[in-house]
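Participant: Residues per chain, in single letters:
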Amino acid sequence: MRTRQRNRPKFKISRRQVLTVAASAGVGAAAVSVSGLSSAVDSRLAGAASNDEAIVVHLRDPSNGTLDVFVGTSRIEVRDKGLAARLQRAARQG
Amino acid sequence: MSSHREAPEISKDPVADSTDLYAFVSPDRPDTVTLIANYLPFQVPSGGPNFFEFGDDVLYEINVDNNGDGHPDITYQFRFHTEITNENTFLYNTGPIDALDSENWNRRQFYSVTKVDAHGKAQLLARNVPCPPCNIGPLSTPDYVGLANDATFQLKSGERVFAGQRAEGFFVDLGAIFDLGNLRPFQQLHVVGKDIFNVADEPVNATDRLNVSSIALQIPITHLVSGGGRYDVNDQRSVIGVWTSAGRQQVRVLGAAKAADVTVGPVAQVSRLGNPLFNEVIVPMAQKDLWNTLPPSEDKRFAGLVEKPELAQLLPVLYPDVFPNLAELNESGKPRVDLVAILLTGIPAGLIDGFQNNTGDLQADMLRLNTAIPPAKRPSRFGLLGGDLAGFPNGRRTTDDVVTISLRAIAGLTFPLIDKNFTPDDAAGAVTHGLSAADVTAPFLKHFPYLGVPYDGFNNPS
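Residue numbers (the numbering used here), protein chains in the order written: chain S, 1 to 94; chain R, 1001 to 1462.
It is possible that some hints are incorrect.
[What the hints assert, rightly or not] Restraint-style ranges between C-beta atoms, simulated for each label pair: (1) R:1120 <-> S:52: 48 to 56 Å; (2) S:86 <-> R:1095: 28 to 36 Å; (3) S:59 <-> R:1313: 43 to 51 Å.
[To be verified] Sample of chain R residues at the chain S side, in silico, Cβ under 10 Å: (4) 1192; (5) 1250; (6) 1445; (7) 1447.
Worth flagging that the hints you see were computed from the coordinates, not collected in a lab.
All residues carry an ideal CB built from backbone N, CA and C; glycine is no exception.
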């Protein structure tokens, strides 16, 4: 993962202000759902990927067309023999 | 050691490599527990210009089980991100770093803290919390103590938190131990060493004057224990099991989309640490990588290795005629139920007066802490073996000599807990690597985050 470059004004804060920033974040932040983040199992609850979100497909078992689709923090298992066959053909052409 | 580079795969991934885990009732705030998870071993203080930092692509977790099922009831998650202040310099800093928002500091790291409950419900406790810089030297970080103090935060949710570089607090004579299990104070008795050494020698702390990256939390006890109360020492609800883990997203595509990496998929665990030395000494090399990927609830499959530890078999071989009773115990085939209790279930009530840290029958490697045991007024570095109920293996304090405690336990000193007829060898109560917290150059702090000020590069160049 690449380092994010700063794209916001340089903050000039005292220690006291830093303390407030960190503490108030806890107040303003409602519970957020990130339960899939620490799980290495399938997460079928994730919403559809947005158009610009990276998707990586792993053809796990060509014989039955099992694919792992990795998107966001999820792995979605897909069975599609036709797609598997097309991927294999594309790979051979590569 | 205690978990530095302890498995083949994680030794190649230092930023995700957990090295030590501490859990103790805070001596200066006994209504709280302090949890410290160290990562990124063997930091040479002068190792710039890209000094040490947490992984932006690593999910760090400190897990607490308070009902003995080997699954976390509370998880604190830490996610880091790094920012560059000045895109036109190769330097870590372009002048003295005299504050956490100094414009001279070119590469800063921030983190978020998320608390997850047993049902997976997450609550963001804080975000954009700054780490201190690494300790560079008197010109770059002239007031390092002040910077570290400024990077210690009290959250409104009740926790105190710190994440950043600290002095390595673990002490061990690696150079001797990894040379065929040699212990310099006993090298003249070693099966090979007796042909080379005539006398004992002084130990060497191989991890002295090195730094680590620490994630430290101080949490009210009532936030951690089941039911949220304060319980009697004999009440199982007073006991928590702690481990740290680190994970990475499963897929990473390097250099895609105009050199921006793509990282997707669920997080897969790559590192785990509960009791010191468990994966290091108990688990065979061929299974260490697997162990790192599993939760403690799966540890039953390693129980046989605890019942018959390889090191217990080795000691009488490495030190002939020194451990005859241990050799006899080994030959008897009796399972080391004492070690199973210490490492996998906690010590049940009735074995040690006024003490238990048992979490039930489930066998899981967790650092178990009975939160009803108050901090010791005069701690023994030998913890429970020294009659100090507040020390390892009741949790672990920064100054506990876990190497010697573990050596003595494996040598048979704790077997009488479950077999009164067994007499430990005299050597079992004397064996040691010879080091103590006094062999750590940087003084331990008496307050959070307890580990010493990291060594600076200028004064510790190699």
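Participant: Are the hints correct? Go through all of them and say.
Facilitator: Hints, one by one, checked against the model:
no., hint, result
1, R:1120 <-> S:52: 48 to 56 Å, "violated, 28 Å"
2, S:86 <-> R:1095: 28 to 36 Å, "violated, 58 Å"
3, S:59 <-> R:1313: 43 to 51 Å, "holds, 46 Å"
4, 1192, "violated, 44 Å"
5, 1250, "holds, 7 Å"
6, 1445, "violated, 19 Å"
7, 1447, "violated, 17 Å"
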